[in-house]
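Here is how the chains run, residue by residue.
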Amino acid sequence: MSDIPAVEVSGLVKDFQISLRGPKLRAVDNVSIRIEPGEVYGMIGPNGSGKSTTMKALLGLVKPTAGTCSIFGKDSLKVDSRNDVGFLPENPYFYKHLTGAETIKFYGKLCGMRGAKLKHRIDEMLNLVGLDDARNRTLKGYSKGMLQRIGLAQALVQDPRLVILDEPTAGVDPSGSRKIRDLILELKNRGMTVFLCSHLLEQVQEVCDRVGIINHGKMVRQGKLDDLIALEDRTEIVLENASPELLDQIRTLVDITYGVDMVSEGNPRTTLENLFLKETKPRRTVTKKRRKRTNS
Amino acid sequence: MSSSNKKTQRQRNKTSFISPRRILIIAQSTVTQLVRMKVFYFLAPIAAVFVGIQFFDAPWYAGPEASQPQQELQMHKNLCLGTMMLFSSLFAIVSTALLIPRDIEDRTLYTILCKPVPRLDYLVGKLLGVMAVVFIALAVMDMILVITLHFRTGAVLADVEPYLQKLGWPQELVDEKLDEISAHGPTMTLQYGVLAYFFKASVIAAVALLISTFSTSTLFTIASSVMIWMIGAAQNIARQGLFEQGGLAEDSGPIAKILATLVSLLFPDFQIFDSVAEAATRAANISSDQILQLGGFTLFYLGIYTVLSWFVFSDKEF
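One line per chain: the protein sequences are A and B, in this order.
Counted the way the numbering used here counts, the first sequence spans residues 956 to 1251.
Counted the way the numbering used here counts, the second sequence spans residues 65 to 382.
Extracted from the complex, chain A is given alone in its bound form:
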């Protein structure tokens, strides 16, 4: 395996000028991410935390104020970097006058595909996202879930090595959401690198190898999912065939008790949801008034 990461974001800072004279708004503050090829990375954070801006910077849609972004070693601001990436934006709207097959054809052509290869790829993609039956229907008549799936198909049309999904299940019903989750797992099994951004923490927990939590533009936690959700100040012992009486003396007795097997020992896990809520909980700010009162 080469040492070149699929995604490398180093010290990314992005400021937006809100008004002509006013101060700049820092949307992303010194964020660094490294995603290895074949990994599924999930970025989670509350609304306005800087997730989409980070993704846009990675895709060259916004210019970083500071820091760099690269895809498979290529600078994100260069068009070349986009040969290896497929992107599904949040709530995508495509040309509604095109049919499903025409949509994939259009994006395939933009990627330089043509002829029999493109035709075959269109069939393959429609089959992958389960839209074979709707291939000749214009997108005007597609449901939200179908639009997300055709969006995924266009993102994958040129067989990219990296796919970036911004809220792929936003506004999709549970069944449609499950289908998209299965598709992501399918991509993972194919060895594709996935950079996912979602509010559905359960889904992120199901599919991601590594997770980053971003809040107020800063990366507050990042790492392997198993490590992140481990509670380090507690120990979990999983027993088989243990009686309730045994539980009290378990630590001392477990080694000497006959017929009881220690299955595993380690840190019990919290859920990603709990971790997310803990990390993104608004911190109390002491107001001037209150500080005065305390001082007096």
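Read the hints as simulated data drawn from the structure, not as lab findings.
A portion of the hints provided could be inaccurate.
[Unchecked claim] In the DSS-like style, the derived pairs of lysine-lysine whose C-alpha atoms are separated by at most 27 Å in a straight line are:
#1 Lys102(B) with Lys1095(A)
#2 Lys380(B) with Lys1029(A)
#3 Lys1051(A) with Lys102(B)
#4 Lys1143(A) with Lys1064(A)
#5 Lys380(B) with Lys1173(A)
#6 Lys1099(A) with Lys102(B)
#7 Lys230(B) with Lys1033(A)
Given the structure is predicted, the values throughout are model-derived calculations rather than measurements.
Chain A is already provided as a structure; the job is to place chain B on it using the hints.
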């Protein structure tokens, strides 16, 4: 790695600065988009107007006994070419102003620019798409104009010839008069007039393209483009009045001249296109050199506005 994989990898590594193929794909998609937006429906009322004009005589037309019976045809051409100019210019503005902001609002642009598509390709593709639709629309209107004008010319000739013969004009003079009238029919000169309006609409589309790259709303783009269109139409008169001999700023010196040059660079002189179309209406002689010059002028402005659009668009954040 197999040779085909290597080839794919090579293709992936290299994205040309500008690709005619990608431009064509975006232009084709723009044409499909506009066609499926049913923009060609407006051709029905325009066709009705062109056919309707057939049944109206010019107020000054006194029948075959008129000294200038060709004025009847001139009026026909005037009205039709005027309609074509108005339509093609407005269409170029509105469609260009609608397409790019809509792509941004709908985030369709994200999915396009996230593919290996340089922003210049996208802009040129959109512009060519609009120009293609304007061209098709003008070609259809031109066809209707040619057919209606052909019949009207035939009707005028059929009126005038027996009248002149009845007056006892020698056949030579009658033929001369008939040739004079026929020159106002569907000739190549008329086609040059239509082509001039196509050039004009193309430049207007390029202006709208530039504005839409920095404008935040469709309405602003349309209003500003219409304003530039009007400035461009009146520019010649204003320049004559202000900067040329006898003008108000005659003594202003080099600053006034620089200002005049800047104005003419930023705002294209649409009078140049209109004068060719006017000559076509009068059936005056238009040489192919004049048309080539007009084409060069059009290309010059298309180039300037496209490069300016690219400068703005290449740094735009979404």
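Verification of the supplied hints:
no., hint, verdict
1, Lys102(B) with Lys1095(A), "holds, 15 Å"
2, Lys380(B) with Lys1029(A), "holds, 21 Å"
3, Lys1051(A) with Lys102(B), "holds, 13 Å"
4, Lys1143(A) with Lys1064(A), "holds, 25 Å"
5, Lys380(B) with Lys1173(A), "holds, 25 Å"
6, Lys1099(A) with Lys102(B), "holds, 25 Å"
7, Lys230(B) with Lys1033(A), "violated, 79 Å"
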